[in-house]
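Trainee: The lines below spell out each chain.
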Amino acid sequence: MNIESKGFVLHTRPYKETSFLVDIFSENHGRVRCVAKGYRRSTSRQRAESLSLFVPYNFTWRGKNDLKTLVNAETCEMNLSLSGERLFVGLYVNELLYNLLAIYDPSKEIYAGYFELVNFLGTSARYNGKLRCFELLLLEYLGYGLVLDIEYESGNTIELEKKYEYLHGYGLSPFESQSENRDVYVGADLLAIQDQRFDDIHIEKVARRLIRSAIDYQLDGKLLNSRKLYQQYLASTKSDSNIGQC
Amino acid sequence: MGLKCPQDSNFLFSLVFEYMQEHILSKLVDDLARFPGIGKKTSQRMAIHLLNKDRKGAEEISASIQEALSKVRKCGRCRALTEFDICSICQSEKRSKSKICVVENLQDLYAIEQGGSFRGRYFVLYGHLSPIDGISADDLGIDLLIDQLSNGEVQEIIIATNLTVEGQATAYFIAEKARSLDITVSRIAHGVPVGGELEYLDGNTLNLAIETRQGF
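Line by line, the protein sequences give chains A and B. Those letters in the first sequence? Residues 1 to 246, per our numbering, in order. Those letters in the second sequence? Residues 247 to 462, per our numbering, in order.
Read the hints as simulated data drawn from the structure, not as lab findings. Heads up, some of the hints might be wrong.
To be verified - Capping the alpha-carbon separation at 25 Å, the derived lysine-lysine pairs in DSS-like fashion look like this:
(1) B:Lys-287 with A:Lys-16
(2) A:Lys-16 with B:Lys-340
(3) A:Lys-108 with A:Lys-64
To be verified - Partial chain A-side listing against chain B, Cβ under 7 Å, derived:
(4) Asn-2
(5) His-11
(6) Leu-53
(7) Gly-84
(8) Leu-91
(9) Glu-95
Every residue gets a Cβ at the ideal spot worked out from N, C-alpha and C, and that includes glycine.
The shape of chain A in the complex, shown without the other chains (with noise of 0.2 Å):
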């Protein structure tokens, strides 16, 4: 039986002569693999509509394995294509979606946030703050949203003035001068980052701290091939390295 849904591509790669393995992020059924059989012959008619990132597609698949065999995929909407900075940003979204996500959990929210996420990138070059929101959701969706508010320990509301460390896996506890080497966090930041207000320059550059930090938390020890990428990139890019990074 066939199934159908929008989705994107997160990544492809090369599968016997002339057929990729495909990553799918689908709407309706979340990440799906499949092969997609003769998509890579010169002369394939599904060569004119090659899987590429960051597009939006109506694909349609079949199959009772994990591995489902990719039937077709139209282009649904304007092509939006990212380049220099906003595509390495994208391309360290796709890589956290690969790693995090489970195969085959649906999640529409994430969906409406990713496909959000693409045109804007698509079209803004301000994106620091839409790419805060959209890893807090991811945090969300995995079950370890920040609680920025209390204190895990005692419930106790933030103070604004008070200094907070981020225990990953509980939440936020007052800082104690003993502990060394640790991330220390100003109640007031803490609040405005619970608010998402990342117009602030000063609260987005510590929100990416903190979002690092969890994700990093998240990933158990693998490091983000893309984060580096994208810092080589900015390092000989013009461009100040502080704003946008990942």
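Using the hints, position chain B against chain A.
Mentor: Chain B only, in chain A's frame:
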């Protein structure tokens, strides 16, 4: 395992001999199936042909592979395969030293050479940047390329990576490095193929062709 009876010993020997024969032949079939586009059935035909009908040819193939393996390596400048330290294209005095064309694979280099219009030098990446597959700038020899761009000879770099997202990312990455060295960066054009009819083109290619149109 003490085999006292000579009959037993002969029987065992014949079994081992049979097994050895099958083993060598089946290994050859398996090894020939390593070639791209060659399945088990074809590799079996190849093995039988080489051993039955063209044993001299088989010896020549074996010697050629041995020689190529010991002598052919990557060119120290462009990373194309060569039997010299520097390949014939890089050594050629007829070619412009001021232009470098960057390609993803050796096959791409041969394709451009077949076109015959480019008379500069090349640089072969052997892949494209792909974070999920763990392919980084170091794996593509981009440092070696940047070293060559820094020596002052090169004035223009033509990036001919594939028009996939990963190919584009690789192009942007190299372009920024080259621009920081004040080198002109160009990208091969993309759009309607020669002899192509618009009716049969996909929407993405047509959009790109319209966006990157040229004065006429």
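Trainee: Could you run down the list of hints and mark each one as holding or not?
Mentor: Taking the hints in turn, this is what the structure says about them:
1. B:Lys-287 with A:Lys-16: holds (16 Å)
2. A:Lys-16 with B:Lys-340: violated (40 Å)
3. A:Lys-108 with A:Lys-64: At roughly 23 Å apart (the allowed maximum being 25 Å), A:Lys-64 and A:Lys-108 satisfy the hint.
4. Asn-2: violated (22 Å)
5. His-11: This hint holds: A:His-11 lies near chain B, its Cβ roughly 5 Å from the closest one there, short of 7 Å.
6. Leu-53: It holds, given that the least Cβ distance between A:Leu-53 and chain B is near 4 Å, below 7 Å.
7. Gly-84: Holds: closest Cβ of chain B sits about 6 Å from A:Gly-84, inside 7 Å.
8. Leu-91: At 5 Å from the nearest chain B Cβ, A:Leu-91 passes the 7 Å test, so the hint holds.
9. Glu-95: Holds - the Cβ of A:Glu-95 comes within 7 Å of chain B, reaching about 5 Å at its closest.
In summary, the structure is inconsistent with hints 2, 4 from the numbered list given earlier, while agreeing with the others.
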